[in-house]
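Peer 1: In case you want the letters, here they are:
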Amino acid sequence: MLKQIEGSRAMAEAIALCRPEVICAYPITPQTHIVEGLGELVRDGHLTGCEFINVESEFAALSVAIGASAAGARSYTATASQGLLFMMEAVYNASGLGLPIVMTLGNRAIGAPINIWNDHSDAMSVRDAGWIMLFAETNQEAVDLHIQAFRLAEELSCPVMVNVDGFILTHAVERVDVPDQARVDAYLPPFDPVQVLDPAEPLSMGAMVGPDAFMEVRYLAHHKQMRALERIPELAAEFRAVFGRESGGLVRPYRIDGADTVVVAMGSVMGTVKDTVDALRDAGHAVGALNLCAFRPFPLDDVREALLGARRVVVLEKALAVGMGGILASHVRMALRGFGNRVYTLIAGLGGRPITGDSLADFLRKVEREPHYDVHFLDLKSDVVEAEIARMERTRRAGPIAENVLRRVGAGRAS
Amino acid sequence: MTQTVKFYQTGTLTVGNRLLDSDKRTVQASRNRSNALTCGHRACQGCGEALGARYAIDAAMRAANRDLVCVNATGCLEVFTTPYPETSWQVAWLHSLFGNAAAVASGVAAAMRVKGKATRVIAQGGDGGTTDIGFGCLSGMFERNDDVLYICYDNEAYMNTGVQRSSATPPAARTATTPAVGAAPGNVFGTGKNLPRIAMAHGIPYVATATVADLHDLEAKVTRAMGLHGARYIHILVPCPLGWGAASHDTIRLSRLAVESGLFPLFEAEHGEVTATTPIRRRVPVAEYLKPQKRFAHLFRPDAPGAQEALDRLQAMADANIRRFNLLSAEEAVR
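Chains as they are written, first to last, in our numbering: chain L, 1 to 415; chain E, 1 to 335.
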């Protein structure tokens, strides 16, 4: 049913349609509206056969989900940012145990300095934790990916994280088609666990594994993700057959044919990217875009195939590997190793800094003319940075950086 | 029917099973016991935790008709029972992390509830996994009154990692991180947590303390806890020969002396109120309990600085417990 609805509410309704049996909730901005919505759906009787548990921390939220999933219940939780870091140990544990938990990550920056706005630092901090990681471009896709996520997680017995940009998606009210129960039931069969805590057939889960077998266990986790590379497109195709729309998959090219420059990005920024591509194409620039829906497993082959024809690849990413540069860009370079494409790292949108079409278009025009350089920070306030660096060189007791930058930015605004 | 039994096992004040009616005998005495923690594990000789876990889980298995799931925190008990690909557990068993056993158990209980199963859930861990790193999750589970029995096997330090201090380590005890050197050797006074009393403060349905010295008492408390629903907590003192520097054959004796000195009071509480205590029938000075343990050896060296003062303070702690729980039996009081 088409609704004008907040993204979080739409996701909550979609998750409820997946019939989760245990939901663990701990509040953190910007994920709060999703679990609030689910709590309401449980209380008002829309979602039956579900335990909604208010826990005391994110570490407990995922731990409760681990216990529930190991006991055979379809389990869900949601978090963001600091919350994800606080549950980090359990994040690795859930995947290590092979428990098909689905978790929404309302992508948000990580402090200090504390910042509640959107970027992908949180997701990138768990990129090697063994979870399948999907990124939604729109709220429609956020809804659809959750439905696919439960199916994928339970087929492979591997946890799945659905990434939705904080505020940009979670708090945006827009038109979303929330599917009906019959179709979700047709797509998503009941949870049939591959391992379960059953007193009738007692088994030990979570044994200590030494050097004689640990490598093999890790290899099989990798193998599971390689299987996901095959299953993600198949499940997206099945989804299209049942629901009649495109959602998910590994990568989605946009006007990529004959493009000299291709922008690679993940998540909601694709809207701005596509608009920019359209504008530049109209102005005669051979520009295209590639959206990555799946970040783990990373679709190396699909990325390579999509980008081989491009002379320049601009990887627009909302995270920074401090001391190195791009994270997504490194992945794209891995896909293109041995080929001559120039790969640009464009760090943008950190801590919610708006990524504007104008700035992106400027950058894309620039890379057509200028020699290759690696890392560029979009709309970085260079004067502020340089002044702060100079001040720190002058003074030993330079004080806290964040506060000094804030003062400088504020002073700039006032003048 | 009340049976007056006067034949105690020599020197123990414990009644031998053979003198009891069969229905009053221990679970361990039964050929039908579940052997939830069976032989072949890697615990040290004389390990109190292995005894405690076996006694407790077998009693819980009987109470639950074997319809039971155990969640285990990281620690000695987890490591010595499940070296891959072997396991000593004959019960559905899950180990997740060091600090989340209570939360994982909450999740298992929620799954059982939503699936309409009567399966009971136990979480268990050592004192580190309970009083320190797992404390947040434990308090959350208590506060929500989740249907979980949490059992802490308290050996009073981080034994699995090599005997480091925990918040359950007694004052003056030597550990790897509270060495017996300097002006105030061993663990400092005035610190630590009394988790049974903290559990009581949550107002949960049942809290009890037990030791491996009194099997009847331990099993009765586990059985009582299993007869209730909601959050329940049992704190079992389990001597560690390695960490305490005690002889393997002294595990039971030390457990008994901990109780008889007053340092480890045995009691039960319901909804925050003490409902029963086990009186001390043969009171001993704390020195009698401390002296066989090398972790307290510095308190008994001639001319050791502050040793007498430390002993006095430990005795005062025992005396305070005895007063708080009114532990002196009539028999002892007249002596």
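Because the hints were derived from the structure by calculation, they are not lab data.
Please read all numbers here as calculations on a predicted model, not as lab measurements.
Beta carbons are placed, not taken as given, at the ideal position from N, Cα and C, and that holds for glycine.
A portion of the hints provided could be inaccurate.
Said to hold, decoys possible - Far from chain E, by Cβ distances over 12 angstroms, these chain L residues were calculated:
| no. | residue |
| --- | --- |
| 1 | Lys-3 |
| 2 | Ala-71 |
| 3 | Arg-74 |
| 4 | Gly-96 |
| 5 | Leu-156 |
| 6 | His-171 |
| 7 | Arg-175 |
| 8 | Asp-212 |
| 9 | Ala-221 |
| 10 | Asp-260 |
| 11 | Gly-271 |
| 12 | Arg-333 |
| 13 | Arg-365 |
| 14 | Phe-377 |
| 15 | Arg-396 |
| 16 | Arg-407 |
What the hints assert, rightly or not - Distance ranges between label pairs, derived from CB positions:
| no. | chain 1 | residue 1 | chain 2 | residue 2 | range |
| --- | --- | --- | --- | --- | --- |
| 17 | L | Leu-406 | E | Asn-145 | 42 to 50 angstroms |
| 18 | L | Glu-174 | E | Thr-38 | 53 to 61 angstroms |
| 19 | L | Asp-379 | E | Arg-42 | 58 to 66 angstroms |
| 20 | E | Gly-245 | L | Pro-189 | 55 to 63 angstroms |
| 21 | L | Gln-4 | E | Thr-191 | 57 to 65 angstroms |
| 22 | E | Arg-282 | L | Glu-201 | 45 to 53 angstroms |
| 23 | E | Gly-190 | L | Tyr-92 | 32 to 40 angstroms |
| 24 | L | Gly-45 | E | Asn-194 | 42 to 50 angstroms |
| 25 | E | Asn-194 | L | Arg-245 | 55 to 63 angstroms |
| 26 | E | Ser-30 | L | Pro-189 | 58 to 66 angstroms |
| 27 | E | Asn-194 | L | Val-242 | 52 to 60 angstroms |
| 28 | E | Gly-190 | L | Ile-401 | 52 to 60 angstroms |
Peer 1: Each hint should be assessed against the structure and marked as holding or not.
Peer 2: These are the hints, each one checked on the structure:
no.	hint	verdict
1	Lys-3	28 angstroms, holds
2	Ala-71	4 angstroms, violated
3	Arg-74	9 angstroms, violated
4	Gly-96	9 angstroms, violated
5	Leu-156	20 angstroms, holds
6	His-171	28 angstroms, holds
7	Arg-175	34 angstroms, holds
8	Asp-212	8 angstroms, violated
9	Ala-221	16 angstroms, holds
10	Asp-260	50 angstroms, holds
11	Gly-271	37 angstroms, holds
12	Arg-333	35 angstroms, holds
13	Arg-365	51 angstroms, holds
14	Phe-377	38 angstroms, holds
15	Arg-396	36 angstroms, holds
16	Arg-407	37 angstroms, holds
17	Leu-406(L) to Asn-145(E): 42 to 50 angstroms	45 angstroms, holds
18	Glu-174(L) to Thr-38(E): 53 to 61 angstroms	59 angstroms, holds
19	Asp-379(L) to Arg-42(E): 58 to 66 angstroms	59 angstroms, holds
20	Gly-245(E) to Pro-189(L): 55 to 63 angstroms	58 angstroms, holds
21	Gln-4(L) to Thr-191(E): 57 to 65 angstroms	58 angstroms, holds
22	Arg-282(E) to Glu-201(L): 45 to 53 angstroms	47 angstroms, holds
23	Gly-190(E) to Tyr-92(L): 32 to 40 angstroms	38 angstroms, holds
24	Gly-45(L) to Asn-194(E): 42 to 50 angstroms	43 angstroms, holds
25	Asn-194(E) to Arg-245(L): 55 to 63 angstroms	60 angstroms, holds
26	Ser-30(E) to Pro-189(L): 58 to 66 angstroms	44 angstroms, violated
27	Asn-194(E) to Val-242(L): 52 to 60 angstroms	58 angstroms, holds
28	Gly-190(E) to Ile-401(L): 52 to 60 angstroms	40 angstroms, violated
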